[in-house]
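K.L.:
Each chain, written out:
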Amino acid sequence: MSAKKTKSITPAHPQDELLRTERIPHIWCSGCGIGTVFSCVIAAIQKLDKPLDDISVVSGIGCTGRMAGYIKLDSFHTTHGRAIPFATGLKLARPDSSVLVCSGDGDLLAIGGNHFIHAARRNMDITVICVNNFNYGMTGGQLAPSTPFGAKTTTSAIGCPEEPFNFCHVAATCGAVYVARWTALHIRRLTDSIIEAMQKPGFGFVEILTPCPTAFGRRNKMRKAIDIVKFYHEKSVIKNDIDPKDATLDFRKNLVVGKFVDIERPTFMDNYNLINSKELGDWPNLDKKEPKPAKRAAG
Amino acid sequence: MRDEKKDQTFEINRGTKVAGKAVLTGTYFMNGDYACCEGALAAGCRYFGGYPITPATEVAERMSRRLPDIGGIYIQMEDEIASIASVLGASWGGVKAMTSTSGPGFSLMMENIGLGICTETPCVVCNVQRAGPSTGLPTLVGQGDMMQARWGSHGPYETIAVSPSSPQEMFDFTVWAFNLSEQFRVPVMIMADEVVGHMNERVVIPPEDEIEVVNRRKPKVSPEKYLPYKHDPDWITPMANFGDGYRVHITGLTHDDKGYPAMHAAAQEEMVERLVRKIKDNRDKIISYENIMMDDAEVAVIAYGISVRAAKRAVRDAREQGMKLGAIKLNTVWPFPEELIRDIAGDMKAIVMPEINMGQIVLEIERCAAGRCPVKLVSHAGGAIHSPKQILDAVDEALKES
Chain L
1 MSAKKTKSIT PAHPQDELLR TERIPHIWCS GCGIGTVFSC VIAAIQKLDK PLDDISVVSG
61 IGCTGRMAGY IKLDSFHTTH GRAIPFATGL KLARPDSSVL VCSGDGDLLA IGGNHFIHAA
121 RRNMDITVIC VNNFNYGMTG GQLAPSTPFG AKTTTSAIGC PEEPFNFCHV AATCGAVYVA
181 RWTALHIRRL TDSIIEAMQK PGFGFVEILT PCPTAFGRRN KMRKAIDIVK FYHEKSVIKN
241 DIDPKDATLD FRKNLVVGKF VDIERPTFMD NYNLINSKEL GDWPNLDKKE PKPAKRAAG
Chain P
1001 MRDEKKDQTF EINRGTKVAG KAVLTGTYFM NGDYACCEGA LAAGCRYFGG YPITPATEVA
1061 ERMSRRLPDI GGIYIQMEDE IASIASVLGA SWGGVKAMTS TSGPGFSLMM ENIGLGICTE
1121 TPCVVCNVQR AGPSTGLPTL VGQGDMMQAR WGSHGPYETI AVSPSSPQEM FDFTVWAFNL
1181 SEQFRVPVMI MADEVVGHMN ERVVIPPEDE IEVVNRRKPK VSPEKYLPYK HDPDWITPMA
1241 NFGDGYRVHI TGLTHDDKGY PAMHAAAQEE MVERLVRKIK DNRDKIISYE NIMMDDAEVA
1301 VIAYGISVRA AKRAVRDARE QGMKLGAIKL NTVWPFPEEL IRDIAGDMKA IVMPEINMGQ
1361 IVLEIERCAA GRCPVKLVSH AGGAIHSPKQ ILDAVDEALK ES
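Those sequence lines, one after another, are chains L and P. Here the first sequence is numbered in our numbering, starting from 1 and rising by one per residue. Here the second sequence is numbered in our numbering, starting from 1001 and rising by one per residue.
Just so you know, these hints were derived from the structure itself, not from any lab. A couple of the hints might just be wrong.
[What the hints assert, rightly or not] Computed list of lysine-lysine pairs in DSS-like fashion (alpha-carbon distance at most 25 Å, straight line):
hint, chain 1, residue 1, chain 2, residue 2
1, L, Lys72, P, Lys1258
2, P, Lys1312, L, Lys72
3, L, Lys47, L, Lys72
4, L, Lys47, L, Lys152
5, L, Lys200, L, Lys224
6, P, Lys1285, L, Lys72
7, P, Lys1285, P, Lys1220
8, P, Lys1258, P, Lys1220
9, L, Lys200, L, Lys72
10, P, Lys1220, L, Lys72
11, P, Lys1218, P, Lys1230
12, P, Lys1021, L, Lys278
13, L, Lys235, L, Lys253
14, P, Lys1258, P, Lys1230
15, L, Lys72, P, Lys1230
16, L, Lys72, L, Lys50
17, L, Lys200, L, Lys50
18, P, Lys1389, P, Lys1312
Start from the sequences and build out the full structure, keeping to the hints where you can.
P.N.:
Here it is as structure tokens:
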């Protein structure tokens, strides 16, 4: 009786068409920012004018890696760090489809760092969504390449002794054509950035700073999700179009967010087709034989 | 006068100026690595993701020239981990895909070969073996990865490995490897070696319509009714590619028949049973071997890959001396032909196995012979192939011991 009543009262969720609802509840902790990012990803896909069968989601291992399992699209949950090369093969097999990589900071930039820089270099036409929660959340909160200097994790119990990556700077330096960073609070801007990155041919990168009260916050005097969100709200400064190397993340000062890169560059497939059309002809020819000087008469 | 045919053969052997067609029907003088490439293209491979490594580089080199001409994709990835990951991606994109590598690269690929096994992804990995361990002898032969092909990735599983012993078989077995991978949804390993890869021999490529090509089984039900890991009675699961409208979720986590993660022992048992039984229960459709003068043989030399060549010569030499020696050439090494060894062991005075390692497949022979006849290993640390005399000496010794 109650089931029927519930069904009639509760309207369908506007994102139901893209959710594997039978898999809900999800595994993410309360206060986690991944759910917000996930909603933005779905909202972006819904706004894209693209058949859903031509969009696929690839993820690696970790909390964010589970996104692929909740979205009702062709999706693949790969091994740790290997979402980008898997996505590369998938994209090249189906060049007209959109491939979205959703994964975490540790997966993409530590174990998967090599793939990240080379996919950006090739300008592989995929979009990479990186949820940055400053640690390895799923395994209980270990040091990541994003962990701020001095922050405590289970494997940096005294404090992180390393400098973190500036992911946006890495992406831009390696050749990404679209680079943006937002917090899980910037829902509208984040959704727009995902749409822009997916519409743009080439390697697009969107980083999202998210709260992880369970694993990171607990050890760094930010136990409550609401406090972290307020902190992000106060500390984030939007600086669009600045050089990504200046887009610093400093928990003591501010967290620079914005859209940093939006440029044009031929994609891997553009260049592949160009090379194979054999129309590239301006390479210097050092082997070209100069006409021999006329023989002088023996003197 | 120019000999047209000779010129063409020379050019194709060098990998320059090849025609833009997938199946190069004709007779060639070609090395094994090139023949592997041609076999792949004839089988319908249109994606190669690889990383150069001696002595497998020539497969990639020829692929980089051939694939763009026939509408395929060649990409040199940043390492072997990325290579195999991209191959899995391309396969789910509906394109037949392969990579080639050698020892160190094979080691790097192991984790994602496991992903391919777990997600039942058809693809082919060609391992042109060199001598190891570690960097070892990059330009010289070895057969030291045979157990790695079987057990190299973690967890319980079954796999398929074929072992060519000539450039012609590099062509034939590569076609076959693709067919097996498509039929059984498993990464199939071509366990070649440096000598087979680099040796130039006659390779005959048949007309396209004479080459049997198998394609993966597709779902026959609507997307609403489709369960990505619900197998047919023969343990094989129809596969929906990405973009086919089935909206599948595929994971390397233990998964149920919906493809969803299922974190408990019952799901693990069900999944592993399928992975194992689809190979074990179909082994008669997979296993292949060739008997060489075995009818009246009292001693059998069992060999695979390049070692078959020395074994064949040893048999010929022994027969000239009046000795009743035969040979069995294993075309598939995994799954291991257990019944075959159990059947013959009782009839033999001895079994001798030459392999270019310190004893790998011989362990399987010992297990299956189970003491019914002596099993003698002719080991070789790598860097060269066996001489027939080494095999004959081992036969003599084995006969004395028995």
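K.L.:
Next step is simple, just say for each hint if it's right about the structure.
P.N.:
Here's how the hints hold up against the structure:
1. As the CA atoms of L:Lys72 and P:Lys1258 are separated by approximately 13 Å, the hinted pair is consistent with the 25 Å bound.
2. Restraint check for P:Lys1312 and L:Lys72: not satisfied, since their Cα atoms lie roughly 57 Å apart, outside the 25 Å limit.
3. Between L:Lys47 and L:Lys72 the alpha-carbon distance is near 16 Å, which keeps this suggested pair within the 25 Å criterion.
4. This hinted pair does not check out: L:Lys47 and L:Lys152 have alpha carbons roughly 40 Å apart, beyond 25 Å.
5. Distance check on the hinted pair: L:Lys200 and L:Lys224 sit about 37 Å apart at the alpha-carbon level, beyond 25 Å; violated.
6. A C-alpha spacing of about 37 Å is found between P:Lys1285 and L:Lys72, which places the hinted pair above 25 Å, so the restraint is violated.
7. This hinted pair checks out: P:Lys1285 and P:Lys1220 have alpha carbons roughly 23 Å apart, not beyond 25 Å.
8. Under the criterion of a C-alpha separation no larger than 25 Å, the hint pairing P:Lys1258 with P:Lys1220 is consistent with the structure, at around 16 Å.
9. For the given pair, L:Lys200 sits about 23 Å from L:Lys72 by alpha-carbon distance, which is consistent with the 25 Å threshold.
10. At roughly 21 Å between alpha-carbon atoms, P:Lys1220 and L:Lys72 fall within 25 Å of each other, so this suggested pair holds.
11. Annotation: proposed proximity of P:Lys1218 to P:Lys1230 holds, straight-line Cα distance about 12 Å (limit 25 Å).
12. With a C-alpha separation of about 18 Å, the suggested pairing of P:Lys1021 with L:Lys278 holds against the 25 Å cut-off.
13. At most 25 Å may separate the alpha-carbon atoms for a hinted pair to count; L:Lys235 and L:Lys253 meet this at roughly 7 Å.
14. Using a Cα cut-off of 25 Å, the hinted pair P:Lys1258 and P:Lys1230 holds, with the two alpha carbons roughly 8 Å apart.
15. Restraint check for L:Lys72 and P:Lys1230: the C-alpha separation of about 19 Å stays at or below 25 Å, so the hint holds.
16. Taking the CA atoms of L:Lys72 and L:Lys50, the gap is about 15 Å. The hint holds against a cut of 25 Å.
17. Distance restraint check for L:Lys200 and L:Lys50: the Cα-Cα separation of roughly 13 Å lies within the 25 Å cut-off, and the hinted pair is therefore satisfied.
18. In summary, the hint linking P:Lys1389 to P:Lys1312 is supported, as the alpha carbons are separated by about 12 Å, within the 25 Å threshold.
Going through the hint list in order, the structure does not satisfy hints 2, 4, 5, 6.
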